[in-house]
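> Spelled out from the first residue to the last, the chains are:
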Amino acid sequence: MRRGRAKESFLALGFLAPSLIVFGLFAFYPIIRIFYWGLYQQNRLGTEMRWIGLSQYKDVLTGDDFLQGLYTTLWYVAYTVPAGLVLGVLLALAAHRRLKGIKVFHTIFSSTVATSVAVASVIWLVLINPTQGYFEVTWLQNPTHGIGGAIFGVSLSSIWQNLGLTFIIVLAGLQAVPDELMEAATIDGMSATRRFFTVTLPLLTPTLLFLVVVLTVFAFQGFAQIDILTSGGPAGSTETLVYKIFQHQAPSDLGVGSVMAVGLFLITFVVAFGQFTILERRVHYGR
Amino acid sequence: MAAEVEALAVDTVVLGGDTVIGTERPGHRARIWKNVAWYVFLGLLSLVVLFPIWMTLVRALSTPIAYINAGQPIRPVDIEWDVFQRAWTEGDLARHFAISGVVTAIITGAQVITSVLAAYAFAFLWFPFKRAVFALFMATLMLPIEVTLLVNAVTIRNLGWLDSLQGLTAPFLASAFGVFLVRQGFLGIPQDLRDAAELDGLGHLGFLRKVAIPVTKPIVASFTLVAFLAAWNQYTWPRVVTTQQDWETVQIALKGLAARNIDQLNIGFAAAIIAAVPILILLLAFQKHLVRGLTAGAVKG
Numbered sequence: 644m645r646r647g648r649a650k651e652s653f654l655a656l657g658f659l660a661p662s663l664i665v666f667g668l669f670a671f672y673p674i675i676r677i678f679y680w681g682l683y684q685q686n687r688l689g690t691e692m693r694w695i696g697l698s699q700y701k702d703v704l705t706g707d708d709f710l711q712g713l714y715t716t717l718w719y720v721a722y723t724v725p726a727g728l729v730l731g732v733l734l735a736l737a738a739h740r741r742l743k744g745i746k747v748f749h750t751i752f753s754s755t756v757a758t759s760v761a762v763a764s765v766i767w768l769v770l771i772n773p774t775q776g777y778f779e780v781t782w783l784q785n786p787t788h789g790i791g792g793a794i795f796g797v798s799l800s801s802i803w804q805n806l807g808l809t810f811i812i813v814l815a816g817l818q819a820v821p822d823e824l825m826e827a828a829t830i831d832g833m834s835a836t837r838r839f840f841t842v843t844l845p846l847l848t849p850t851l852l853f854l855v856v857v858l859t860v861f862a863f864q865g866f867a868q869i870d871i872l873t874s875g876g877p878a879g880s881t882e883t884l885v886y887k888i889f890q891h892q893a894p895s896d897l898g899v900g901s902v903m904a905v906g907l908f909l910i911t912f913v914v915a916f917g918q919f920t921i922l923e924r925r926v927h928y929g930r
Numbered sequence: 198m199a200a201e202v203e204a205l206a207v208d209t210v211v212l213g214g215d216t217v218i219g220t221e222r223p224g225h226r227a228r229i230w231k232n233v234a235w236y237v238f239l240g241l242l243s244l245v246v247l248f249p250i251w252m253t254l255v256r257a258l259s260t261p262i263a264y265i266n267a268g269q270p271i272r273p274v275d276i277e278w279d280v281f282q283r284a285w286t287e288g289d290l291a292r293h294f295a296i297s298g299v300v301t302a303i304i305t306g307a308q309v310i311t312s313v314l315a316a317y318a319f320a321f322l323w324f325p326f327k328r329a330v331f332a333l334f335m336a337t338l339m340l341p342i343e344v345t346l347l348v349n350a351v352t353i354r355n356l357g358w359l360d361s362l363q364g365l366t367a368p369f370l371a372s373a374f375g376v377f378l379v380r381q382g383f384l385g386i387p388q389d390l391r392d393a394a395e396l397d398g399l400g401h402l403g404f405l406r407k408v409a410i411p412v413t414k415p416i417v418a419s420f421t422l423v424a425f426l427a428a429w430n431q432y433t434w435p436r437v438v439t440t441q442q443d444w445e446t447v448q449i450a451l452k453g454l455a456a457r458n459i460d461q462l463n464i465g466f467a468a469a470i471i472a473a474v475p476i477l478i479l480l481l482a483f484q485k486h487l488v489r490g491l492t493a494g495a496v497k498g
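First to last, the protein sequences are chains E and W. Mapped onto the numbering used here, the consecutive letters of the first sequence carry residue numbers 644 to 930. Mapped onto the numbering used here, the consecutive letters of the second sequence carry residue numbers 198 to 498.
In case anyone wonders, no lab produced these hints; they're calculated from the structure. Note that CB positions come from ideal geometry on N, CA and C, so glycine has one too. There could be a bad hint or two in this list.
Claimed, not checked - Now the stretches of chain W that chain E is said to cover, found in silico as 3 or more residues with beta-carbon under 8 Å:
hint : region
1    : 241-251
2    : 288-297
3    : 433-445
4    : 472-485
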């Protein structure tokens, strides 16, 4: 028995080793490293580090640069998450019916899944490029955060790009609603609107929660759309947290950049923790 | 399997519904009109969703200056059919496609292999601290590449892996999502099958190869597609570890092409369309698997 277990443990180690090495080198090591670097200040070449302790955390996390980045990111979240969710649900509701050829519409509504963030950004340049976009708008040159500003323009591209995924997930959620339930509600004489609110929506809630988390995580990680559409401009108004971290790659900036990364980590941790809790609950009580 | 049976059942219901429609009964006409209205509505929605793609096609095909002079209509002006060829050669897309292709193949292949192996250990093998190790694996799901970006970039630079296949792929050779998904599949394998395999004298490797993988093929296939999609579409990491144009993946090359002068912008737009084609083919060919992979974790069952 004991020998069998030892043998099995060795086999397990062998099976786990490839993943462990990758995670160790590119996930566990850097997350520890990033906390540590935040305690130091680098000289210009990054060859020497000076301990400055937690004061750097306090300075950076309460500093204008970080807070501005967070503020911009939150605007981006506010634009992309609710709009993406509502539009995805509306598309899915419209396309969840028994019609001949409905699959064609399903494919069309899922089609933006085929576009990467980079492709979607280039596509939106066609529409809202300030100098020759189809809509002849100057949003991407407007440094305000409100509607009509640059981050709003960036958000439009993201909302459109996320539509395919949102549609696919909501449609799958709708298809999981048992037909008998809907039929029973119909026989009870419920209107379509009431059926939606009393039958469909409660059953769809876990799916929608999951989507809120996914879209929020997407928004916090957004980079390509900003890199391509605005490069952080105008006047730094589209510099999200990730974009700011990206800008702190120079050896002398690593200390400050690390603290920002820790800040982003803590925020995404809270969001992702929500994701995991939902996922976990689904796995345990799902069926 | 159960899902397919269910799908069949739904189809039968639909067919049954059609035969009812066939017989004359009150409300028949109203129903037809209602369906027509839905087709019109869905058609309009499709136009809205597809409009950005259509305009990109228009801008790619049109001669840039002529198009602007024509007042930016919604149809192509002075069509240059060779724009896709020109984007391919002038944008050096063959090279960028090759890099993206190799990078995607390495990442996808490695993720599938490492995930299947780790998932097997978590599902079927005894080893100490299993729960803790699994929690550690899942914790990486909460660690986006953006957080570890600065350290990983320094690691890659120190290894001398900037502008290399190693640099572009190394952090992505394992996937916690893949481990989670495949483990779920393995745990669903009935005990009878495991007992039968044991009676047949199959060791762990034999069981993995002859039973576990074949039985969970749909899950592995779905994960493969999602991994492929993610790897091909990656942007942030390749942006950080490429310093020379020669090593840019397709996605990164798009940034440069889209920032060209106004009279050459059609090249950038054409390149964006070309870059989306592989994924579009994947989507059309494997829609069912892809949808299953994308909705994993979102919908119960």
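> With reference to the structure, classify each hint as holding or not holding.
Hints versus structure:
Counting residues of the region 241-251 of chain W whose beta-carbon sits less than 8 Å from any beta-carbon of chain E gives 6, enough to reach three: the coverage restraint holds. Against chain E, the region 288-297 of chain W contributes 0 residues with a C-beta closer than 8 Å to a partner C-beta. That does not satisfy the three-residue criterion, and the hint is violated. With 3 residues having a Cβ less than 8 Å from any Cβ of chain E, the region 433-445 of chain W passes the three-residue criterion, so the hint holds. Counting residues of the region 472-485 of chain W whose CB lies closer than 8 Å to any CB of chain E gives 8, which reaches the minimum of 3, so the coverage claim holds.
Violated hints amount to a single one, hint 2; each of the other numbered hints is respected by the structure.
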